[in-house]
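Using the sequences plus the hints, can you model the full thing?
Protein chains in written order, with the working numbering: chain X, -6 to 243; chain Y, 33 to 515.
To be clear, the hints were calculated from the coordinates, so they are not data collected in a lab.
Since we're looking at a predicted model, the values are computed, not measured.
Among the hints, erroneous ones may be present.
Unchecked claim - DEER-style ranges, computed between Cβ atoms: (1) Y:Asn314 / X:Thr49: 41 to 49 angstroms; (2) X:Glu8 / Y:Asn461: 21 to 29 angstroms; (3) X:Glu230 / Y:Ser507: 44 to 52 angstroms; (4) Y:Val500 / X:Ala45: 33 to 41 angstroms; (5) Y:His453 / X:Gly6: 37 to 45 angstroms; (6) X:Gly6 / Y:Asp211: 52 to 60 angstroms.
What the hints assert, rightly or not - Covered, in the sense of this in silico footprint (three residues per stretch, anywhere, with C-beta under 8 angstroms from a C-beta of chain X), are these stretches of chain Y: (7) 459 to 469; (8) 483 to 497.
Claimed, not checked - In silico DSS-like cross-links for lysine-lysine, where the CA-CA straight-line distance does not exceed 27 angstroms: (9) X:Lys105 / Y:Lys504; (10) Y:Lys459 / X:Lys64; (11) Y:Lys488 / X:Lys129; (12) Y:Lys504 / X:Lys101; (13) Y:Lys50 / X:Lys101; (14) X:Lys19 / X:Lys(-2); (15) X:Lys64 / Y:Lys504; (16) X:Lys7 / Y:Lys459.
By construction, the Cβ of each residue, glycine as well, lies at the ideal position given by its N, Cα and C atoms.
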Amino acid sequence: MLEIKDLYASVNGKEILKGINLTIRKGEVHAIMGPNGSGKSTLSAVLVGNPAYEVTKGTVTFEGKDLLALKPEDRSHLGIFLSFQYPVEIPGVSMVNFMRTALNEKLKYEGKEPLSASAFLRLMREKRAIVELDNKLANRAVNEGFSGGEKKRNEIFQMAMLEPKLSILDETDSGLDIDALRIVGEGVTKLKTPETSCIVITHYQRLLDYIKPDIVHVLYNGRIVKTAGPELVMELEKRGYDWIKDEVGE
Amino acid sequence: MQNEPNKYVKELTQEKYKYGFTTDIQTDIIGKGLNEDVIRLISSKKKEPQWLLEFRLEAFRHWQTMKMPTWGHLTIPDIDYQAISYYADPTQKNKGPKSEEEIDPELIKTFNKLGIPLHEQRQLTGMAVDAVMDSVSVKTTFRETLMEKGIIFCPISEAVREHPDLVQKYLGSVVPYRDNFFAALNSAVFSDGSFVYIPKGVRCPMELSTYFRINAAKTGQFERTLIVADDDSYVSYLEGCTAPMRDENQLHAAIVEIYVHDNAEVKYSTVQNWYPGDANGNGGILNLVTKRGLCKGVNSKLSWTQVETGSAITWKYPSCVLAGDNASAEFYSVAVTNNYQQADTGTKMIHIGKNTSSTIVSKGISAGKSQNSYRGLVRVSEHADNARNYSQCDSLLLGSECGAHTFPYMDIHNDTAVVEHEATTSKINEDQLFYCNQRGIPTEQAVGLIVNGYAKEVINKLPMEFAVEAQKLLSVSLEGTVG
Chain X
-6 MLEIKDLYAS VNGKEILKGI NLTIRKGEVH AIMGPNGSGK STLSAVLVGN PAYEVTKGTV
54 TFEGKDLLAL KPEDRSHLGI FLSFQYPVEI PGVSMVNFMR TALNEKLKYE GKEPLSASAF
114 LRLMREKRAI VELDNKLANR AVNEGFSGGE KKRNEIFQMA MLEPKLSILD ETDSGLDIDA
174 LRIVGEGVTK LKTPETSCIV ITHYQRLLDY IKPDIVHVLY NGRIVKTAGP ELVMELEKRG
234 YDWIKDEVGE
Chain Y
33 MQNEPNKYVK ELTQEKYKYG FTTDIQTDII GKGLNEDVIR LISSKKKEPQ WLLEFRLEAF
93 RHWQTMKMPT WGHLTIPDID YQAISYYADP TQKNKGPKSE EEIDPELIKT FNKLGIPLHE
153 QRQLTGMAVD AVMDSVSVKT TFRETLMEKG IIFCPISEAV REHPDLVQKY LGSVVPYRDN
213 FFAALNSAVF SDGSFVYIPK GVRCPMELST YFRINAAKTG QFERTLIVAD DDSYVSYLEG
273 CTAPMRDENQ LHAAIVEIYV HDNAEVKYST VQNWYPGDAN GNGGILNLVT KRGLCKGVNS
333 KLSWTQVETG SAITWKYPSC VLAGDNASAE FYSVAVTNNY QQADTGTKMI HIGKNTSSTI
393 VSKGISAGKS QNSYRGLVRV SEHADNARNY SQCDSLLLGS ECGAHTFPYM DIHNDTAVVE
453 HEATTSKINE DQLFYCNQRG IPTEQAVGLI VNGYAKEVIN KLPMEFAVEA QKLLSVSLEG
513 TVG
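This is the structure:
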């Protein structure tokens, strides 16, 4: 589904990613862990085409298409979704209007008719339930006045609405209390199908208790320095990252 | 006098201003220039009584002693007042049309194209329209229906003839011709606009609206609108405007006067979409307007809502004089400037009566190389006990070559006044745009969404049909400004 080859990227002239290689197949869940500043968020930003990041080398293909040549909105239409670490507020724009515009743009891209107002509201109701998002929140402006937990639940709600093929969760567990963590974790699990894949970027085991990874990578200093099975999560939780740094020889 | 040949409506499809077409219609245009003979000619064409001619001439003589003001944060091209024609009548083929059969089909076609059907049965339900092209009202719908309730809604030139007492009593009572340079000019040469009178205790059952269209070249439009709401009455009035795309500037110098009696309420909404000029700043309407309402009665209420996307230059301050005790007033404004457009707009709230309150919400949006200024005055006079004002002025910048400015003035002469002012300036946020992009919304649509969200508080004040129109207009006028 996704193939990253020798990817280099920088932000404000500073090189952050230094040769990432990663292949994700249909149905897989990959966890990407690593100390702060290792490049995890940069990787997610580059995959969704954030213009603040510059790709200096390498290729990314998604279902055979050259992903880096596509505009951010078209990457979204092809089925790539990012749950932002810090979702922004858009004052005055209701969630209903925002989601309806987003969904209709996707349908337009696929050459389909836009959803009727009633069909759309029905869909919203159904998907809201997955992350226990209150109707009141759904009627408010995008993320405006939402608590940290509500913002993250709102991200997963949008994921449910857009039904992406590849979801990237960028520290979705940060700032969540236990209940919100459960709701988000279970929500993502409910949305998972054998056809869809997931990249979970996190520091902790707790989200991975809900979303079981098939493969775990450690990103350090802009490179993937270790790849293993789910057992690596436990080990990292216990030992931290220093032993990996030692292994890499720094 | 000259006559223009009668051809078909032709469309100039350059750019995105979709109302930029010209109607080629036989139009009676008087010779260019301004002098007392021209004023006499206008007055005689309108078959006006002597008092009104005197009013015009006095205004003209006063205007000649005045200089054009220069205090606006605007660069206004020199206006050669002798190079403008002050009267253009596109209905001359059929003088004073009464029924729709008698209206020139070209005019019906033009207004249809503007989305203003002149057939009553095809109208949006619940809205009466006075359609004005150049200097003349073409048709006013639902007049009979309204008359059954005693409501007068007609072109002001007709009101002068049919309701002379009312017009003479109120004309110039809120905006005297000595008020300012453009008010004096308008008072000398004003042409059509609407006259509205809501009798005591009547709640106007439909929205009243006037659609102003400039068509003829090298002419100015001098709209004059007068709205009187008698005791315990209510009316909601809407105004829309468009003009063809031309390389030269055209002048629109209007006066709107509103007189609100005891316990009456007037809501006045504007969606201003005059031709803004091209992307290089050529052409466009100079929109230099005096709008003022007098809340004369106790508990009277006046609300201005404006969405300004058009004109090369917009210079106006829809204002309220809160003379009656417990009077209240609102001003809700969105002003968009793009390319080389300039706007210096805001309001004046003059508190005179006791326990009066006013609210100002102004949202400026600047893009391209445009300059957008909010200018507002809150005055609380000596006897205006317990006056309240809340002002909120927000500016949104799209791009780095545009300017946003705020000039708030406060003039408080009573210690019991409570006056609050909040102001913010922000740039459209890259993170917001990218968030939209990631969800599949292209930048153009994202700008539209974000700007409409920003302006929502004001848009929500508009009647439904206008709100939808205004939302589209905001998005269209900012296309291509980001990314």
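Right, here's what the structure says about each hint:
no.: 1; hint: Y:Asn314 / X:Thr49: 41 to 49 angstroms; verdict: 43 angstroms, holds
no.: 2; hint: X:Glu8 / Y:Asn461: 21 to 29 angstroms; verdict: 26 angstroms, holds
no.: 3; hint: X:Glu230 / Y:Ser507: 44 to 52 angstroms; verdict: 49 angstroms, holds
no.: 4; hint: Y:Val500 / X:Ala45: 33 to 41 angstroms; verdict: 35 angstroms, holds
no.: 5; hint: Y:His453 / X:Gly6: 37 to 45 angstroms; verdict: 42 angstroms, holds
no.: 6; hint: X:Gly6 / Y:Asp211: 52 to 60 angstroms; verdict: 59 angstroms, holds
no.: 7; hint: 459 to 469; verdict: holds (count 8)
no.: 8; hint: 483 to 497; verdict: holds (count 6)
no.: 9; hint: X:Lys105 / Y:Lys504; verdict: 23 angstroms, holds
no.: 10; hint: Y:Lys459 / X:Lys64; verdict: 23 angstroms, holds
no.: 11; hint: Y:Lys488 / X:Lys129; verdict: 18 angstroms, holds
no.: 12; hint: Y:Lys504 / X:Lys101; verdict: 19 angstroms, holds
no.: 13; hint: Y:Lys50 / X:Lys101; verdict: 24 angstroms, holds
no.: 14; hint: X:Lys19 / X:Lys(-2); verdict: 18 angstroms, holds
no.: 15; hint: X:Lys64 / Y:Lys504; verdict: 25 angstroms, holds
no.: 16; hint: X:Lys7 / Y:Lys459; verdict: 26 angstroms, holds
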